[in-house]
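Enquirer: Sequence:
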Amino acid sequence: MKKMLKLTLAVVCLLSSTSLFAQKFGRINSGEIIAVMPEKKEMDTNMEAFVKDMQENLEALNVEFNNKMQEFQKNLSTMSESVAQLKQKELNEMRARATEFEQMAQQEYQKKYTELMTPIYEKAKAAIDAVSKAGGYLAVFDITSGALVYFDEANLTDIGPLVKKELGIAE
568 MKKMLKLTLA
578 VVCLLSSTSL
588 FAQKFGRINS
598 GEIIAVMPEK
608 KEMDTNMEAF
618 VKDMQENLEA
628 LNVEFNNKMQ
638 EFQKNLSTMS
648 ESVAQLKQKE
658 LNEMRARATE
668 FEQMAQQEYQ
678 KKYTELMTPI
688 YEKAKAAIDA
698 VSKAGGYLAV
708 FDITSGALVY
718 FDEANLTDIG
728 PLVKKELGIA
738 E
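Numbers given in this note's numbering equal positions in the sequence shown, counted from 1, plus 567.
Don't read these hints as lab results, they were simulated from the structure. Computed from a prediction, not measured in an experiment: that's the story for all the values here. Any given hint could turn out to be false.
Derived DEER-like restraints, expressed as beta-carbon distance ranges [claimed, not checked]:
| no. | residue 1 | residue 2 | range |
| --- | --- | --- | --- |
| 1 | K692 | F668 | 43 to 53 Å |
| 2 | D719 | K679 | 44 to 54 Å |
| 3 | A721 | M671 | 42 to 52 Å |
| 4 | K608 | A701 | 52 to 62 Å |
| 5 | K678 | E599 | 17 to 27 Å |
| 6 | R664 | A602 | 16 to 26 Å |
| 7 | K608 | N642 | 45 to 55 Å |
| 8 | A697 | V630 | 50 to 60 Å |
| 9 | F668 | L729 | 54 to 64 Å |
| 10 | N624 | S649 | 53 to 63 Å |
| 11 | F668 | K608 | 44 to 54 Å |
| 12 | R664 | N596 | 24 to 34 Å |
The beta carbon of each residue, even a glycine, is placed where N, CA and C say it ideally should be.
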C-alpha cells in the first residue's frame, strides 16, 4: 500500500511537471510586423503628403513675414513713429500667427498619426491573437515594447486575491 502511494505520488509529480513544460510561450517584434504591413506603407505616404502641405503653408507664412520685414526695414527711416509702431505690431502679430500655426500643425500631425495608426495596430493585434490562440500559446511577449500582447486567460490563475491576503488586505 505504501509503495502504491509513493508510485501514485511520483506519477502525479511527473505529470504535473510535464504539463508545466508543455506550456508554450512566444515572442514577437510587433514593430517589425507593422513596418511591413501594406496599410503602414499607405499611411506613411498619406503622412508625407500631410507634412508637405503643412510645410508649404508654414513656408508661405514665413515668406510673407520676411517680405513685410524687409519692406519695414527698408522704409523705417521714412516712417513716422506711430506708423513704425503700427507696422511693428503687425509684424509681431504675423510672427505670432506663424508660431500658432506651427503648434496647431504639430497637434494635427499627432491626431492624424493616431487616427491612421489605430486601425493598423488593431489589425496587427487581431492577427497576433489569432495566431497565438491557434498555436496554443499561453502567453506572447512583444520584444518591441516588452509588453505581454497575448495571454490565454482560461489557463492563467489570478493571484490578486492571494497577494491581497499576503498584504493583509480584506476583500
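Enquirer: List in ascending order the numbers of the hints, as given earlier, that are violated by the structure.
Expert: Violated hints (numbers, rising): 1, 2, 4, 6, 10, 11, 12; every other hint is consistent with the structure.
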